[in-house]
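Undergrad: Chain by chain, the residues run as shown.
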Amino acid sequence: MPLLTIDDIEVNASEGMTILEAANQAGIWIPTLCYYPKITPSDSCRMCVVEIEGVHRPMTSCNTVVRDGMKVHTDTPQVKNIREEVMKLVLMDHPLDCPICPAAGECEIQTLTYRLGIAGTEYLMERRSGSIVKNWPLIQYNPNLCITCLRCVKVCHEVIGAGALALQELGYNARINTRDGGVLKCDFCGECVEACPSGAMSYKESKNWARSWELRKTPTICTLCSAGCRMEMNVKDDKIFRITTDPASHNSGNLCVGGRFGYDLVHNKDRLVSPWLRRGGVLRPVFWEESLSYVSEKFKKIILESGPDSIAGLASPRLTNEDCYAFQKFFRSVIGTNNIDSEARFSFLRVQRAMELTCGVKGTPNTLEELLKTEAVLVIGIDPVEETPALGWKIKIASRRYDSNVIVANSRQTSLDPFARTRLRIRPYSESELALGMMKIILDLDLWDRKFVRDRTTNFLPMKGLLDKIPLKGILKRTGLSAEELEEAARIFAEASTASIIFGGDVILQENGLQCVMNLVNLALLTGAMGRSNSGVYPIFEKGNIVGLCDMGVMPEYMPGYQDMAAVRDLFEKTWKAKLPYSKGKTATEIARGLESGEVRAIYIAGADPLTDYPNAGRWASALKKAELLVIQDMFMSPTAELAHCVFPVASFAEKEGTMTNIEHRIQRLAQVIPPLGPTMPDWSILEELAKTMGHPMGYFRSADVLSEISRTIPTYKGITLPDLEGNGKILRPFSTNPERLSSEKPFSFAPVRTWEAPDKDAEDYPFEMVVGRSMYHFGSTSTRSMNLLGLCSCGNVEINPDDAKDLGLKQGDLIEVMSPRGSFEAPVEISYKISRGLIFVPVNFPGMGVYRLFDENTNVCRVKLATPGKTPAA
Amino acid sequence: MKSIILGRWGKVLRYRKNGEDVTEGGGPEDFPSEKSFPDNVVAVMSGKGFLQFKENFDFVPMVAEYVKQIQTKYCCGKCITGIKGSKLILVTLDRIMRGEGQESDLVLLRRMAGVLNDAAKCSVCQSAGELLSDGLEHFREHFLNAVKHGVSDGPFRFVGSVSAPCMNTCPCHINIPGYVEMLQELRYGEALEIIRREMPLPGITGRICPAPCEKACSVANMGDVAIPIKTLKRVAADYEMIHHLKPPLEKVELTGDPIAVIGAGPAGLSAAYYLNRLGHPVTIFEDLPESGGMVAVGIPPYRQPRDVLEREIDILCDLGVTVKRGAKLGKHFGINDLFREGYRAVFLGLGSHKSTPLGIKGETDGIAGVFSGGIDFLRNINLGKEVSLGENVIIVGGGNTAIDCARTCLRMGAPKVSIVYRRTQSEMPAEPEEVEDAGEEGIEFHFLTQPIEILERDNKMTGLKCIRMELGEPDKSGRRRPVPVQGSEFVLEADTLIPAIGQTSALDFISPDDGIEITRHVTIKVDPSTMMTSRPGIFAAGDVVSGPLTVVHALAGGKRAARMIHEYVNTGKCNPSDSQWMEDLIAKIEENHGVLVTARTPSREGGKVSTMKLEPLERIDSFREVDSGLTQKGSFIEASRCLRCFHLILLAVDKAAS
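First to last, the protein sequences are chains A and B.
Read in order, the letters of the first sequence are residues 1 to 875 in our numbering.
Read in order, the letters of the second sequence are residues 1001 to 1658 in our numbering.
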């Protein structure tokens, strides 16, 4: 531990710390302009110079590492003079346009000029008059305000790994530009603007109507994906002006395009601002009382006629923990049924099941931070840079700075490909086979972790038995890989001392999702990559609060906290002062079946849009039409809402208080930043109102009341209060349904399972396989209401390989019809090398397209044919 | 006779007073010798100081040119002081030179000189400040005169070039601080782009280059451990390789003249690469079944894995270079055939693949167990030929080849391997690290030992009769000459002998009619600045010119030859460009005096950054690569220690004289 003095004050620094960091830690101010903690020092501004005794020239403190016994002076006449002179050089041609500068009030040049007391500059130089770059989307660059401190370039490259910006030209002409000099085309994370010390980089949409000092900053979290990044909403006059971040947040103050620019969906003019009720076949706006009593009466009538189990509910991972908890409580205590489920049925719950079978826990215990120091990462069936950027960026950093070996397995090219040691372009649907193939090779090459398997796992012999039976040839055929590719991947993964597997929709949503996840866990177990830090599995889900949704018990089989009804019936009946149902509830698929058969007469959907989001959307469309009563809670008139009898308008994530739980099981606070729009209410509040109308109030007045109940009824959330969640929230331990197993010596168990061949019955008539996923700039379907994001990506394109496009005579932007035996949609063509021949890729974010309507039940791959609208289909 | 009229070098001042040479703060030895500069050089400015050789010299336009070159060519744009300070100086000097200046401008210049000197990021812009201060102090009347009358074009032209100690020492003159900075920024691709501009085989030199650059590193000269420049290069190359990334090299349309390159060794590959970049269709003719020359057949895979070499050659072929293997000059075709076939120029990169015999009794008697030479031995092994060794192997020699043979024998399973060398360990020409590694692996050394006769029984080798040596007076190479100790003969038991005492080129197929002059050391004679042989249109470089030397020398020679061939086929002439002239000049001055860009303080060897190596026992049972270099994390930390000691060197050259 080096001990040094800075301005005669003794400072205990840690090894490798810079003088600037040591001074900051000791509360000694050293002025800086280019220093930015997220990145390596640029040492370009020369402002942080200090004198070190025994060193003949002034040194920049931002990149000089402390040594024991160093004597540093930060305030000598020489360094003061340098700072003053450099500041005068900065000011000599810097346009003093502060009144119209977007950075005014928070500009570091402005602040430092003031703080150093510089009254003017005697250096004469023509004022800079370069033209402002206005043709980039969302971001604007004014070279005249730029001091080429390189923060933007470095944050773009080092933190985001996008490398979109570069310093171009030399000397006085040096300026920031895109790497290729063209229009900015990047991840649009906005980190360059956040990093800019002046007004050189600015947000195009956030200007003119608010000055920085007029803004109220409220810390909250982003709800668009399951990483739950912290951010600050900057508000004036109840309108969100922009988003900023705090470097001390768990996401290190980094945000992606969704968090940074998606906020404007809150102010979308299409927001629902009153309840809508279908009268005479037409939806019309009504007052709350009318709609609530309509739904209440209908519910009561149906309960009376067919019993509570003829009513069902679906909730959404967009909701807060409080919303979800109130939702299940409403159904269980007010309606009296366990018929509640969500889209987690097709994704999260499968992973939970696989984890429970193999590891005895619900959920995955690793933090995102651990990924940075993981030696090998297998990224399979997902592009995390697009879906969960916070995680994707960590992998990029790990690959470049920490020697992590990344293996990407995907049916299309991903943003991580350039960072990967091995890129496995696998056939869709073959992820499970890939895992089996890697295991087989790892056994053959004797690279498995014998000790771990022997000491910590059970069921190895059946696993080996299965692997012995599977011929490698078949695996190679199914996956479309060569033996060399598979062996390279197997070696990299097995030889690493720590290894993690990241998987997403392609794995989880497929028909054999459960089996596929189990095989990935098997692979982790075989190599000992489980139950230790920096090793494990990371499932990625599309939406914000899928973990919380399930923790809150929005599913028929478990009460909140995965507790068995039988075990906790008393507790809940006492807490809720109501009798709880005995009937086994219906899962989402059973609810659909119930609707079809008439067994389920009414359905209440909070925040979900099955017609867009559910993997069997076609079936839902017809099933929901049969409902006697369809009630929707949503921010927008979604395709599902258009079928509804009653639509309740809800408050957005900026307009309500609550908590959410992210993929690392971190519970965090969502703050109310602005008042609810018009008469909209938070989801939990609508349910409370409805409960009241039905004569069974749940007793909630504030969102905190719900949290307080959660903290009493769910053991993992025990004792949690809002103050506990200040800052980065709290990471909870995953649930264990069998605590004994966890503490046993052999907590892990192989789950040998082989998946079956995907049916290829339609191959002749439907020559293409459609792979679905997410658009780079959208998160779920909600973000398609953001004008900012629509500006980046306005519609879903059909990605097709250039050779296929050539065969079909398609050009970029041509409208094309995609048809399956179940349905069709039209979309423009995007010709792209990212996709292999015989495949097309389509994003599912856009409600208008209804991509999932083309699918068979419960799968994420489907055979399609393509046709130019109005022409015969090409076979 | 040229002499320094006035100069500052570092902190030392030198001037003429009453016809006498006076120095302050040091001695004349602190200055580069005026003799190293060509006669037409009037003055020099560099990061170290300035030298004035002639009276008719005006400081103002030269310093203005110096600052202008910085602004337009070398200021990286990454430091505010550099960008704006040098711009302000340039604008002010321009004004003065136009005759629109005022005396108060000189105050501003002095002030700005101080700011640049104190607060610019690196030595390029700092030096502008220092030089300006020099001028205002020693040439004030030049400035006052300029303020009054302005400055018109002088009788000089200026030639400038940027270098750094490491860059200059590297025979290929790679922009080392540039790529080190890219590694610090985790920009592996950009680092390689910088490297490939001057040197096409980063994966290979990143492993086996003796790295003279590291010995010149300023960080080392200041007493710290040198930046591991060589290994950093390898980290970048390995990153590209293990990630299966396509090198960011664009294919050039090959519309130039066809060129023949003989020999696919480092010199030939380098020549082919740069000719390709210049748009010439190149065909390489290689005698052996494998490309890579000595790198492929002379260096064992545990030092230089084959896949690295193959990949680097594949990159070359992907760019459009054709390689014809099994085509031997002098056997399958002659030089004149090539010209007849339409090749406009021929490059000879023949290498030196012929072992030097020991010249002792029994060597040529066909005794079983006696090999013809180390290079032949390694070539046979590397080409996969069956080679059988005995139980007890002796290698004679002290160079890298001897060590390579010994370690190879060990890996082939020989239980006992020893090296016999006539001097001591400190005189061994082999890389000290190699010697150390060999020792760790269990190879025995017999120093001060000279073989004199091979002993045999039934035509099988039984031992080597040797004599003890002692070190006498230094010879031409500066090493002390070994002298036999009378009566000290003794016998080392051995059943296998590999002489590895040197190698030469085989040039017997070149006939006097070919017009290619050959030296008495059996090398091809070339003009060192153009690499052209005595026959116009035929160029040569590499070991066949220099005698056995390093890969990086061969690469540098091949590159220079390529650029000259381009010039030759386009213009029929062959003159080094200004920048090449500067490059050679700086290198020459450095070699002789070591003061132009390198700090004069003798290198205090601060040790070496240690890389990740296999344990000795793990090494010797296979040809697996011993050294795996640095991690990316490690390289990032090491790279951030670089001081970026770039220097701009500007010469004022007499227009009339040049």
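The hints are simulated quantities; they were obtained by calculation from the structure and are not laboratory data.
Watch out, some of these pointers could steer you wrong.
As the list claims (entries may be wrong) - Simulated crosslink set (DSS-like; lysine-lysine; CA at most 27 Å straight-line): (1) B/1251 / A/185; (2) B/1633 / A/373; (3) B/1054 / B/1331; (4) B/1573 / A/834; (5) B/1251 / A/806; (6) B/1613 / A/373; (7) A/88 / B/1354; (8) B/1148 / B/1354; (9) A/88 / A/300; (10) A/300 / A/579; (11) B/1002 / B/1054; (12) B/1416 / B/1251; (13) B/1035 / B/1148; (14) B/1573 / A/88; (15) A/71 / B/1011; (16) B/1655 / B/1633; (17) B/1416 / B/1361; (18) A/80 / A/298; (19) B/1246 / A/806; (20) A/185 / B/1328; (21) B/1476 / B/1460; (22) A/298 / A/204; (23) B/1633 / A/38; (24) A/834 / B/1215; (25) A/80 / B/1633; (26) B/1068 / B/1017.
Undergrad: Provide an ascending list of the numbers of those earlier hints which the structure does not satisfy.
TA: 3, 4, 7, 8, 9, 12, 13, 14, 16, 18, 20, 21, 22, 24, 25 and 26
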